[in-house]
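Q: Okay, here's what each chain looks like letter by letter:
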Amino acid sequence: MVRNIVVLGGNSHPAIVDSVCNALSLPPCNRILTKFSSGESRCEIQDSVRGKDVYIIQTGFGGNGSKLNDHFMDLLIMISACKTGSARRVTAVLPLFPYSRQPDLPYKKAGAPLFKTGGSENGKKDYTFDSVPPTPAPGVPRSAGLVNGADINDKLSQTGLTNGTGPQSPVKQTNGNHVNHVNGAPAPGALTRAYTTHDYENLSHIGAFEAKPGYKQWVAQAGTLVANLLTCAGADHVITMDLHDPQVQGFFDVPVDNLYGGPLLKRYIQQHVPNYKDAVIISPDAGGAKRATAIADSMGVDFALIHKERRPTKITDRQNASMMLVGNVQDRICILVDDLLDTGNTITRAAKLLKKEGATKIYALLTHGVFSGDAINRISASAIDKVVVTNSVPQEKHKAALGSKLDVLDISPIFAEAIRRVHHGESISVLFNHD
Amino acid sequence: MSAEMANEIKLISGRSHPDLSDKIAKRLGIDVARTISLNYSNQETSFTVGESVRDEDVFIVQSTATGDVNEGLMELLIMISACRTASARRITAVIPNFPYARQDKKDKSRAPISARLVANMLQTAGANHIVTVDLHASQIQGFFSVPVDNLYAEPSFLRYIRENFNAEDCVIVSPDAGGAKRATSIADHLNTAFALIHKERPRPNVVGRMVLVGNVEDKVAILVDDMADTCGTLVKAAAVLKENGAKSVLALVTHGILSGNAIETLNGSVLSALVVTNTVPLGDKVERCPKLRVIDISPTIAEAIRRTHNGESVSYLFTHAPV
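Those protein sequences? They're chains A and B, same order as listed.
Okay, so the first sequence: first residue is 1 according to the numbering used here, each after it adds one.
Okay, so the second sequence: first residue is 436 according to the numbering used here, each after it adds one.
Think of the hints as simulated: they come from the structure by calculation, not from any bench.
We put the CB at the ideal spot given by N, CA and C, even for glycine.
Keep in mind that a hint or two might mislead.
As the list claims (entries may be wrong) - A few chain B residues that face chain A, going by a derived Cβ cut-off under 10 Å, partial list only:
id: 1; residue: T483
id: 2; residue: N505
id: 3; residue: I513
id: 4; residue: P534
id: 5; residue: R545
id: 6; residue: R597
id: 7; residue: N599
id: 8; residue: N601
id: 9; residue: A602
id: 10; residue: G695
What the hints assert, rightly or not - With a straight-line cut-off of 30 Å between C-alpha atoms, the simulated DSS-like cross-links for lysine-lysine are:
id: 11; chain 1: A; residue 1: K277; chain 2: A; residue 2: K216
id: 12; chain 1: A; residue 1: K35; chain 2: B; residue 2: K541
id: 13; chain 1: A; residue 1: K67; chain 2: B; residue 2: K541
id: 14; chain 1: A; residue 1: K67; chain 2: B; residue 2: K720
id: 15; chain 1: A; residue 1: K277; chain 2: A; residue 2: K386
id: 16; chain 1: A; residue 1: K290; chain 2: A; residue 2: K308
Build out the structure end to end from the sequences listed, making use of the hints.
A: Right, here's the structure in full:
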């Protein structure tokens, strides 16, 4: 029993609120958190918070009929309500930090809403990429792509991972992006785009957009704004897990505890991967190398890295990158380790490369499994044998869709322990490296 | 390019009400800036800027669509923050219907003062100036430490009444005590009678008993209010007025939020017309409700933007509606 502490849950992830409260053996704070019919959030906190240490749990995930921005605004309103309700300290607990990814280029990585593509000039407009179902885009059915019965091995054998398939191979154009399926050939040189967005019905709005000549379009970065909004609402402390960019910690003027999912993933490997000592830990991109090597080193396991090469010959070839494996995976079990699975593009492409290089079995271990867009279909059709994620976002729907292919690890004990330690003013660095 | 050429009006439109932005841009004789807002598949909002705003006078028009308030608000914050990052000289948030304006006081224990939170968030994001229309409570201006221009739909309403009715046959009615000031002001300008309805509100979006103070017999009763949400109040008030002998009842409301079953409620009511301004995107509601009439508020907003940009007084607009 912990005294003088209030745990308040948002609507984004009720399951984790319950299990954290269970672990702390206290009931969650009573509150009303709904919407007025006008769409404004309605929040009433029914238990007293005066002089209490308040922890508000809300994860950065929208889905199952709820919206991410609604959840975020709810969080801000709850923080503000507790602050005006004379709470002694308000801590925002965000298992998945919203807007943490900050894609800095319009065409970087899956999930980016806009990108240039030279694809339409190739005359292969209806090309469908191997294991990757296409991005939802204007005029494209939600899940085209690998149809049932297609032979995955056959598809895999067509990978364009070698450099000899010509400078404008459609396969290579899909690196980090998706093939452009916008119907109707645009004027030569005009930008065409594909979208991983629910705005694809809003064609007229999107179709009219084009940057001013001579101006390089850019995408706004919301990370600093989100950090500032949390402090402006009155958060005194933030607890989160596996920030995509550790630099986000520096955007805050208040203390941020960034917990690690690594130990949990490591334990899974030790317990569930047969002969894990002979396996290879793979980082699907250079950015995650540090995270993956940390796990590999602590277990004395080999490490390999997938390097995405971008060597543009001209500007429009920017995305014509190829993937290169640095290391040997022939006849070995591969364990991909990364922090975030969004549309699943990076990880499925990496898996395909590993299969081609002779991997026997492929595990994918990720802290946050968002599974947005076509991720579920893409994972099902991919060469990955097992996906392991934590319940930093609700996984019930994903588990139902992916079945035994998905394993979910419980992070609520880590958060409960972090809350307990923060409340008592104990060190939480122990949580960073425990086994 | 000379130095005077820089610092022009940049009108940026959010997704919530592109129609209003287009009308404002047309009035100002400029194009809406090339930007686009989208949602990633993980539902995070992204905002792409396609032209320079460096050292420009930026006006961001974002209303909040009914049911999608948080989405619109977050988008607005991201747009403001993006313009600040892009070195805009001044950023004015044009928010025709201010979100969370009704959550402006701590009416019970631990109730959030969300309007104040929104004010803080707008300033945190980097807004230097706010333009809005008919704030629910003008005290909300006090939540800001930057200038707030609270425009009135009243001049537009006065013109509408003068053009469509004989002022002597009318009586202006406020549906609650809080709106009495707004209604008396209109009644004074028209030199007509005034009445008031006292209501009890047991819970939000639910209306209790109503009592009429004043005489409406054989008159055209014109209800005046700042927002019509579920329309429960208006419809009940209209029924009370009808019972007290009003010839006909219509309502003039600035913000037609019209959430929930508002359209059905209106269609089945004794109200002969509901006149709203286009501060809130109405979508297909005009087609679904033959009683709904829309007054275009964009000339007032456009003129406020022009005057703000040129450093002229805006107070002229408090009493005059530009044609």
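Q: Are the hints correct? Go through all of them and say.
A: Results for each hint:
no., hint, in the structure
1, T483, "holds (5 Å)"
2, N505, "holds (4 Å)"
3, I513, "holds (5 Å)"
4, P534, "holds (6 Å)"
5, R545, "holds (4 Å)"
6, R597, "violated (31 Å)"
7, N599, "violated (28 Å)"
8, N601, "violated (35 Å)"
9, A602, "violated (33 Å)"
10, G695, "holds (4 Å)"
11, K277/A <-> K216/A, "violated (48 Å)"
12, K35/A <-> K541/B, "holds (18 Å)"
13, K67/A <-> K541/B, "holds (27 Å)"
14, K67/A <-> K720/B, "holds (24 Å)"
15, K277/A <-> K386/A, "holds (18 Å)"
16, K290/A <-> K308/A, "holds (16 Å)"
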